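A.B. asks: Below, each chain spelled out in residue letters.
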Amino acid sequence: MATAAFETPKLKSYPVIPLVQVGAMAHIKSFPAAAPIQKTLGFPEALVEDWQSKAIAKMGELLGKYKSLQVYMDACVHCGACSDKCHYFLGTADPKNMPVARQDLMRKIYRRYFTLAGKYFPKLVGAVDLTREVLDEWYSYFNQCSECRRCSVFCPYGIDTAEITMAAREIMDSIGLGQKYTNEIIGKVHNIGNNLGMPGPALRNTLEGVEEDTKDETGLDIKFPLDVKGAEVLFITPSADFFAEPHIESLIGYAKVFHAAGISWTMSSHASEAGNFGMFIGNYENMRRVALRVREAALELGVKRIVVGECGHAWRVAYSFWNTLIGPFDYLDPRYPVPQHICEFTDDLIQRGALQFDKEANDDRIITFHDSCNVARGSRMGNMPGGQFIIPRRIITSVANHFYDMAHETIHENTFCCGGGGGLLTDDLMELRVKGALPRVEALKNVVDEHGVNFMVMICAICKSQFTKVLPYYGFNMSMVGGVHQLVSKAIRLGDK
Amino acid sequence: MSMLTIFYTVLFYAASGVLVIGLVRKIRCYAITPAPLKIPTTPAPTTAAGVRWRMAREVVLFESLFKSSKWTWIFGWAFHVTLLLVVLRHLRYFQEPVWLPVVLIQPFGTYAGFAMMAALAGLWARRWLVDRVRYISTPSDHLMLALLLAIGLSGLVMRFIAHTDILAVKAFVLGLMRFDWQPLPADPILLLHLALVALLMLIFPISKLLHAPGLFFSPTRNQADNAREVRHISAWAAALDKKA
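Those protein sequence lines, which keep their order, are chains A and B.
According to my numbering, the residues represented by the first sequence are 1 to 497, in order.
According to my numbering, the residues represented by the second sequence are 498 to 741, in order.
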């Protein structure tokens, strides 16, 4: 691996806000994107000649296109309310990982080029020129933000650092400075159809394999349909569900729910990805282009409903943005919400008594639930605010007997990011990922010590991948990580049983 | 008319002009800049009435700040409430006859002045004592607190120690409003107080004081969570649909 050795933080029994250590994470530099990747996304292939004036021009353009950016550049008063809220600050102590300081990386440029005070009294208001050093700092620290929005919960003006990180990445992409991991993945979706770059035939093969395994396990013909025209439901799930552990366990769970409910469904080889990394780089056009595959597949297959699998940022894009990006959905059945989360789908069936469970099947598990940030703070489930917290927990307690929540200041809208979201789930950022997981792992350790919790479930493909990788650094087994529909899969009654 | 009176007369017309035109321009900018995507920080209200209620709690109670940091909330909220009382108390200089509510508020406004100084001192102490806040503080953050403290202190000095001729001050202010200019007393503390207030008005539209109008335009707070029910589309995003 390319990253240098680092020390895993010690777990404390109660949260401690670290004293600032200037420059503690200044060495972090995610691998930049190579020329062909940049080209696929419509960005310059390398840093352009006049990058400085291009960047300022782009910032001006974005200030005119995004109310959030314009208001948030002006409104901050440096009150410090957000300063102890970011998991990356809590885990690294680098003051530039405080949301306000991360925003100020852009704000000091905004002030210099777009405000009277910064033009004439730069020192007074902390305005600086956009130099190569500043650009390098942008690249480092705007790729140390997972866009989890925890800061925006606590800001008295609702300033959302995610909006600023997205704008910064958009500006950097526009001058030819992209991040390898995220942009490579977006390229794979454009060229092949999913984040993994798994072509249609390979996907069909994989699903047939899962189908056989599920038959061996249950003795039943549980289908994993692909490209079935006229199915009731188009199911869009993160491609990690097709093969990664523990993701695939939830895939089997979804299939069992559809089977038990007797609702015809299909996945699509054209839209074989729920994830939409276009959001991570704040690029509307790429995000829209990725999302359009879903619209095309839904029309092509003639489905009535669209349901989305366990994926955090995908659900934010689907729930909050799809109607804008690829709506209106007037060709679908108006009796169902569009899109619908698989948890809403399953919960609805449970509430109507359409599914039966053997809860004892999950008795070996003492369970806690990790609220994924994009679901918690960027979307909703059900028809009331906060349904995104209630519904997954209601499913868990319907299919298992032992459930304990983590401390209330670390769940629901206060939840801590897994440390790997927002386009940071890459090996070249392993130090950041491990340290950023600290606040979540501390909260987890408390329920492990107190209640003997041995299983943390979640509804996000990135969270699942991140935790299976970083929990071992803290002495926990990666098998503690699972999906909500993994529990459903274990307990659901199928066939005539 | 003395040079002094002319200077302060011109100063206050200029400061008022900058404040009003600057704020109108900024508010217009916030209002017309599109918000292309639905980004309320959830859980969020699903209706417009719910959004108004959420916004009212933010504006009146500083709800998010309360969740975030109790010390900052106590000092920050106390400062804003006492500032409001002090400003309301000063309305008597702008009215003849004075409204009854403004008469009734006078004693509260006096004590609020002391509480305001204490709150500002608390906010400033945080900038030195909390290492994270010290790190993010710029010179302008400190100067803003110094400016507010100096305005408050000079006002309290005139109220309790070195009284000024408030009848003449009132005549001066009413004269400004009625374009019937009256002499301003040459009292150094009064002149300092007024000059600093004019400075505050001048920097309002170009400083972090824009948080006041900004809050109302913050998409994470002022949007309803109804993305699935209502299609939200901005003009420049709709143009992409047409192209495709």
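In case anyone wonders, no lab produced these hints; they're calculated from the structure.
All values reported here derive from a predicted model rather than from experimental measurement.
Note that beta-carbon positions come from the ideal geometry of N, C-alpha and C, so glycine has one too.
You may find that some hints are simply not true.
What the hints assert, rightly or not - With a straight-line cut-off of 25 Å between C-alpha atoms, the simulated DMTMM-like cross-links for lysine to aspartate or glutamate are: (1) A:Lys359 - A:Glu211; (2) B:Lys564 - A:Glu211; (3) B:Lys523 - A:Asp104.
What the hints assert, rightly or not - Chain A is nowhere near these chain B residues, computed Cβ spacing over 12 Å in every case: (4) Tyr510; (5) Ala512; (6) Ile602; (7) Pro680; (8) Asp684; (9) Leu697; (10) Ala734.
A.B. asks: All hints are to be evaluated individually against the structure, with a verdict given for each.
C.D. replies: Each hint tested on the structure:
Restraint check for Lys359 (chain A) and Glu211 (chain A): satisfied, since their Cα atoms lie roughly 24 Å apart, inside the 25 Å limit. Our distance criterion of 25 Å between C-alpha atoms is broken by Lys564 (chain B) and Glu211 (chain A), whose separation comes to about 48 Å. Our distance criterion of 25 Å between C-alpha atoms is met by Lys523 (chain B) and Asp104 (chain A), whose separation comes to about 20 Å. For Tyr510 (chain B), the shortest C-beta to C-beta distance to chain A comes to about 20 Å, beyond the 12 Å cut-off, and the non-interface label holds.
Residue placement check: Ala512 (chain B) keeps its beta carbon more than 12 Å from all beta carbons of chain A (closest about 15 Å). The claim that Ile602 (chain B) is not at the interface with chain A holds, since no C-beta of that chain comes within 12 Å of its own (minimum 26 Å). The claim that Pro680 (chain B) lies off the interface holds: its Cβ sits roughly 33 Å from the closest Cβ of chain A, which is beyond the 12 Å cut-off. In this structure Asp684 (chain B) is separated from chain A by more than 12 Å, as the shortest Cβ-Cβ distance comes to about 30 Å.
With a closest Cβ-Cβ approach of about 14 Å to chain A, Leu697 (chain B) is found to remain outside the 12 Å limit, as its non-interface label requires. With a least beta-carbon separation of about 7 Å from chain A, Ala734 (chain B) fails to lie farther than 12 Å from that chain, contradicting its non-interface assignment.
The earlier numbered hints that this structure contradicts are 2 and 10.
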